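Asker: Listed here are the chains, written in short residue letters.
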Amino acid sequence: MNLKPATDHSLLIFLVGVFLINSPLRQWWSELTLPWYAMYLPWLVIILLVAINQLRQQRGD
Amino acid sequence: MGIDLALLFAIALTYLALLFVIAWCADKEWLPEKWVRSPLVYSLSLGVYATSWTYYGSVGLADRSGFAFLNIYLGLTGAFILGPYLLSPILRLCRENQLTSIADLLAFRYGGRATGFAVTSFMLIGILPYISLQIRAVTESIQVLSQQVPPNLLALLFCVAITVFAILFGARHLTPREKHHGLVVAIAFESAVKLIAMVIAGLFVVTQVFDSPAAMNDWAESQPDMISGLYETSTTGLWPTLLLLAFCAAFMLPRQYHMTFVENQDPRHLKTAYWLFPLYLLILNLPIVPILFAGKYLSLPMAPDFYVLGMTLTLGKEWLAILVFLGGLSAASAMMIVTTLALSSMVVNHFLLPATMSSNQATDFYRRLLWGRRLVISAIIAAGYGFYIVIELNEGLASLGLISFVAAAQLLPGMFGLLFWSRATQTGFIAGLIGGAFVWFALLILPLVDTSFVPSNWTSVSTDIWTLSTFCTLSVNSLLFVLGSLLTRPTAEETSAAQIANEYAEFSGHTTGIARSVAHYRYSLQQSLGNKVAAQELQRALQETHIEDDETRSSELRMLHDQLERNLSGLLGPTLAREILRKPISSSEESASYSTDARFLERRLEASREQMRGLTKQVDDLRQYLQDVLKQLPLGVCSVSANGRIYLWNSAMQELTGIAERDAYDKSLDQLVEPWGSLLSGFTSSEDNHQFRCRAFLENRNATVNLHKAEIGVSAGRDDTLAGQVILMEDRTDLDTLESELAHSERLASVGRLAAGVAHEIGNPLTGIASIAQNLHHDINSSSDEPIVREQTDDILTQVGRINTIVRSLLTFSHADSVNEAANDVVDVAERVSEAIRLVRLSPDTRRLEFKVSMPQDALVIGDANLLMQVFVNLINNACDASPSGATITITGHIENHKLVVETIDQGPGIDPAHREQLFEPFFTTKPVGQGTGLGLSLAYSIVKNHRGKLRVGDSDEGTKMIVTLPLHNE
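Sequences listed follow chains A and P, in order. As numbered in the working numbering, residues 1 to 61 make up the first sequence, in order. As numbered in the working numbering, residues 1001 to 1971 make up the second sequence, in order.
Bound-form chain A, shown alone (with noise of 0.2 Å):
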């Protein structure tokens, strides 16, 4: 019997998403001089995040 839990990180990349994305960090970022593929950047290491704890998962189950 494997007891071994597969853990969930789903809620923790939500909030680091919000962090980022939605938050007064938003604001800071906004202000700096940065090129326009910038705003693409976090959004890609969301998806990162949200695939290697789907895959790690996958890997558990």
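It is worth saying that the hints were derived from the structure and are not from the lab. This one's a predicted model, so the numbers in the text were calculated from it and none came from an experiment. Some hints could be false.
As the list claims (entries may be wrong) - Chain A regions said to be covered by chain P (calculated; three or more residues, Cβ under 8 Å):
(1) 13-24
(2) 36-42
(3) 45-52
Glycine included, every Cβ here is placed at the ideal spot set by N, Cα and C.
Chain A is fixed; fit chain P onto it per the hints.
Answerer: Chain P alone, transformed into the frame defined by chain A:
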């Protein structure tokens, strides 16, 4: 420079026809199953989210609101990140209860027709701007490409074409569970076309418009105002508003609900989509900013929404313009087809069927349903066209889309209640929805018709319209939802639905409305659906649940009820499904048994195992483990609930009683077949907790069992419905047989010991009598004058000889078990058989018989030669005694599986079957009194057994066949 209008229209129609061919091939299973049902195709099919708004309107929104345009996709990403808590539970509900639209889902939770009607009405109105957006995007894109003013006729033709294809894709025939494999593949193909076209357009901008990425970046850096403008809106209220609206739209827009939940083939695909679909959207949106740059760089004259088309034409790339146009057409057509399909299902289930259900039973119900859907699809697209005509066309594409997003967000409080708040009621939900809808209409629709209604004209609030409308609508909606729910009590149906909807909620049993028989269901279905449809639906549910037509157990009927409700829900929606099954059904009073609920709970647990995490999963694994232990325990276990219904009937119980688990489950003990019914019910009602050696007389054997029972009490914190009894049944039939055999052996051993003692005691006086008789005989012979005395002394000697034979036999038998364990000579059995025949032939009685011997060469065994010869002497003697004069005794031998088999066959009358079992018992003989001791066969049996062989009676057509099997000697 422009592209010919007719050519564009022909390309559009050809493209739609190609989509139909793809869908057709997928439906016919001509495409490889592996990738048709793959997570990639499923994730791509979710790309229906990216409509003309994304394709064209995002550039316009980026121009006006900067990077806020990305929030339409970031919000969706948020919803997909929370998928395990948000999307997976909805998918579970949708699959388990066949909820084929968001109206079905909410009607399932909040009960009654009013919920479905309210949601459908509002969604119909709310989505119309979105449909008109698609029509406008396609006609305006054609206007840009052809550089002709497209008449409304062009928009109408587009609508007609989409109507035809929507019907072909989704309403060509009825699919019971609203799964359209062809549609999914076609939509996935369209998503791929959108992505390819957009990526090529982006690459075109970078390499052709700006020459290189570095050149584009240099140009962008030279436009600091534009770059800061892109980031500027991220500090305004619009930013979180768009995030929230997109979060809601991700699963509340009818088309998203349809593709995400209804068309899902495998729950694991959704888990892949959690990251793959946002990744698709990221790649799709990556070229948006470069396209905006290109539009500004080239100073294109058209609205930013259509920069992507304008730049291709400006640079003379017609092929790219057509490719981009096809991408836009994909976006618009996919949205319109899936949306109308989803809305048609809602309208039919919540408008048309409730209104027409009781009438026209004679007509073909399925046909009526199909044509209803087709008409509704046509009507929705016509309404979208009407909206396109009526509404002023001065709004950007994104504005029309956002109006629909705010409408979809009005379902958020209801969805929250569905997933997390079991106290929420229908009254609260409908009140909130109506309140939110009024505010939505006042703030977003009226200003489209008349600009005097624009909020900035009558309020002093300076917030942007999207933030204002989202805040106002959701505030009013949520307030009314909470107040309405708190001021009213949930009905039993709502409570039951809330328990099903919230998988972590405690289950208190929803056992009302279970009919007493399958016939009740048939009657109930006939009342609403007519005989033909009722028969088809009932047959389908019976097959899916593997339930027989004559089933009466409440647990099985409940499974049938649930299956019927699911199937009908997929066809008619949950409200009507419940109403139909509730109608004239007389419910069983016994339905509220724990065993009935328990099976339901088991099914829920099995269904939700995938979602279990952490401690819950560990506890469930433990539950499963303990259940397996009980089921596989080599001891009969049966548990009975407080009302006497069987809940557990393990595999040992099935083997012991011959009663299958499904035949025992949920029955009372006295309903079991005899003798078990009376035995077990008598035991449970007795005061004894243990009963030993209970006999059960079965058809082919008698069983002996020990019974034990224990009360399952109510412990602190546990539900009292879990009280009952557990019964253990221990099969001791084999043990009893062994015990009786042992007692018999002991009895025989006692007899043997007694016989040996008696024989020994008789032997001494017998020797004396024999000597005296011999002397007397000798003396009389000498005188030879007393013939009578001589005759009598001869008799004495004969009888003494006979007694001596019996005594020797008794002594030999009493020592048979200990004979020659040490004797391990190699014995040629063929020789022993010949010797035995020679000895037997010495008797004059055997001279009248023929012997036919056939023994194999080298038939060597290990043992005692004399004892084995005694075996054959006994067997041949018996054969001779049984055979009539002139008969043939056949003795054959052969080797079989490393064993020597010797058969002695006579031509006598054979052995009575009644005597077969006793044949090898000592002192058993069928010979006349005085002619046999009854020890010969018994002795032979013991000798053969001690040689690790077997002696048995074989089947023979004539006479008796005795078979000796001995292990061969291995060199």
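Asker: Next, verify each hint and record whether it holds.
Answerer: Quick rundown of the hints versus the structure:
no. : hint  : verdict
1   : 13-24 : holds (count 6)
2   : 36-42 : holds (count 4)
3   : 45-52 : holds (count 5)
In summary, the structure agrees with every hint in the numbered list given earlier.
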